[in-house]
Amino acid sequence: MKIAVITGTRAEFGIWMPVLYALAAAKQLKPTLIATGMHLQKQFGQTIKDVRASSPVPVMEVAMYKDGDTPAESLARGTANLAAAYRKLKPDLVMVLGDRQEILAAANAALACQIAIAHVHGGETAPGQWDEQIRHAVTKMAHVHFCATKKAGARLVQMGEDPKTVHVVGAPALDVAALMQTMRAQPEFSPVLVLHPTSADERAEYDRTRMLIAALRKTFPLKDAAKRLPTVGPNNDPGHRGILRAYRENADFIELEMSVPQPIFWTALATSRLLVGNSSAGIIEAATLGCAVINIGDRQKGRERSPNVIDVPWQAKAIRAALRKVQTDRAFQARVAKRENVYGDGRASDRIVKVLLKLAGKLPLPLTKSFHDLPG
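Going by our numbering, the residue at position 300 of the sequence shown is 306; the numbering climbs one at a time, nothing skipped.
Treat the hints as calculated values from the structure; they're not laboratory data. Be a bit skeptical, because a hint or two may be false.
Below, computed lysine-lysine pairings styled on PhoX-like, alpha-carbon distance capped at 20 Å [claimed, not checked]:
no.	residue 1	residue 2
1	K96	K8
2	K94	K36
3	K8	K368
4	K36	K170
5	K36	K364
6	K146	K170
7	K360	K156
8	K8	K224
9	K146	K157
10	K8	K33
11	K48	K72
12	K94	K8
Simulated restraints, written as ranges between beta carbons of each label pair [what the hints assert, rightly or not]:
no.	residue 1	residue 2	range
13	K48	A90	15 to 25 Å
14	P381	R58	44 to 54 Å
15	A143	Q34	25 to 35 Å
16	K48	L373	31 to 41 Å
17	Q164	D335	28 to 38 Å
18	G367	Q49	17 to 27 Å
19	D379	K233	41 to 51 Å
20	G382	A30	42 to 52 Å
21	Q164	K233	41 to 51 Å
22	K156	P319	41 to 51 Å
23	K55	K331	35 to 45 Å
24	T334	E67	44 to 54 Å
25	E67	K331	22 to 32 Å
Every residue, glycine too, gets a C-beta built ideally from N, C-alpha and C.
Based on the provided sequences and hints, a complete structural model is requested.
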């Protein structure tokens, strides 16, 4: 069975890696990785170089973004270019992950080209700017669902999906994160900062970021001017320039990397023991790494939490209190040390491939769908 796997961001590619290795090892499956979206943007690190260097399967590049585009223009270009790629590859199945507009373009193109779709991480809920709508829209286009939790799977059934197509496998990112549990952590909590925009208002993003940096400066003053706060750049959603402006103005404190390979990022979390910001990595992977999380704002609202997460609003007082709690609350520190994670046990890739191998014996895959009402 020929499979096209879609990746549009550095973080998503890292999540795909254990799945790609498992796909490559299965003789009945012939995967190709299609790299699109932010991977091809120089201002976000042009991560296509890392993708080509580390992917265990063949890679195809498909352009989606151009400077000055509106989101609608990017979505239209991505849909058209991905459809052209599908016509060339002729896959039996397109695999997408998450809730960004790259996967909406990929699913749109697959639907128009009459190709079956498998969606990873469906059924979760997190508002973002348009993440909620994209995730659930892709669910209704998809024919196979790989969910991270039982609650996510139940939501898909609630949305009318056939229970036979819903597979609770866990989060693929944990397949790698679980391997890092033996890494030696620092004795003290030391933050890593990852912040993504939740508003197209660049001024609002700038002001919030400045406030957060001020709180971090006060709680974690630099002991060595050469060792600044490790910070990963934001995604390219509207509003990101406000965050970057605040980082540039605090270059004496912020050590900014626009792109960090996922294994290096996870290593940083495992050793530093604290992630601050609003990244999904804090909600999904961090618990397995023994990393505390201060999750700020509503970007991850609605997602299931492990005991390592402290949720706070965008208020300086609340953020400072959470930073102190991480440093002083022994009961919370003990919960973090247990590494309990609601998103799985580090075996998602094997479960995904097991399902795909069964599908490989049933080609061509059925494309029609029916709405399944809940009993009663």
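Okay, the hints, checked on the actual structure:
no., hint, result
1, K96 / K8, "8 Å, holds"
2, K94 / K36, "15 Å, holds"
3, K8 / K368, "13 Å, holds"
4, K36 / K170, "24 Å, violated"
5, K36 / K364, "14 Å, holds"
6, K146 / K170, "15 Å, holds"
7, K360 / K156, "18 Å, holds"
8, K8 / K224, "54 Å, violated"
9, K146 / K157, "17 Å, holds"
10, K8 / K33, "11 Å, holds"
11, K48 / K72, "11 Å, holds"
12, K94 / K8, "12 Å, holds"
13, K48 / A90: 15 to 25 Å, "23 Å, holds"
14, P381 / R58: 44 to 54 Å, "49 Å, holds"
15, A143 / Q34: 25 to 35 Å, "30 Å, holds"
16, K48 / L373: 31 to 41 Å, "38 Å, holds"
17, Q164 / D335: 28 to 38 Å, "36 Å, holds"
18, G367 / Q49: 17 to 27 Å, "45 Å, violated"
19, D379 / K233: 41 to 51 Å, "58 Å, violated"
20, G382 / A30: 42 to 52 Å, "44 Å, holds"
21, Q164 / K233: 41 to 51 Å, "48 Å, holds"
22, K156 / P319: 41 to 51 Å, "29 Å, violated"
23, K55 / K331: 35 to 45 Å, "40 Å, holds"
24, T334 / E67: 44 to 54 Å, "49 Å, holds"
25, E67 / K331: 22 to 32 Å, "45 Å, violated"
Checked against the numbered hints above, the structure violates hints 4, 8, 18, 19, 22, 25; every other hint is satisfied.
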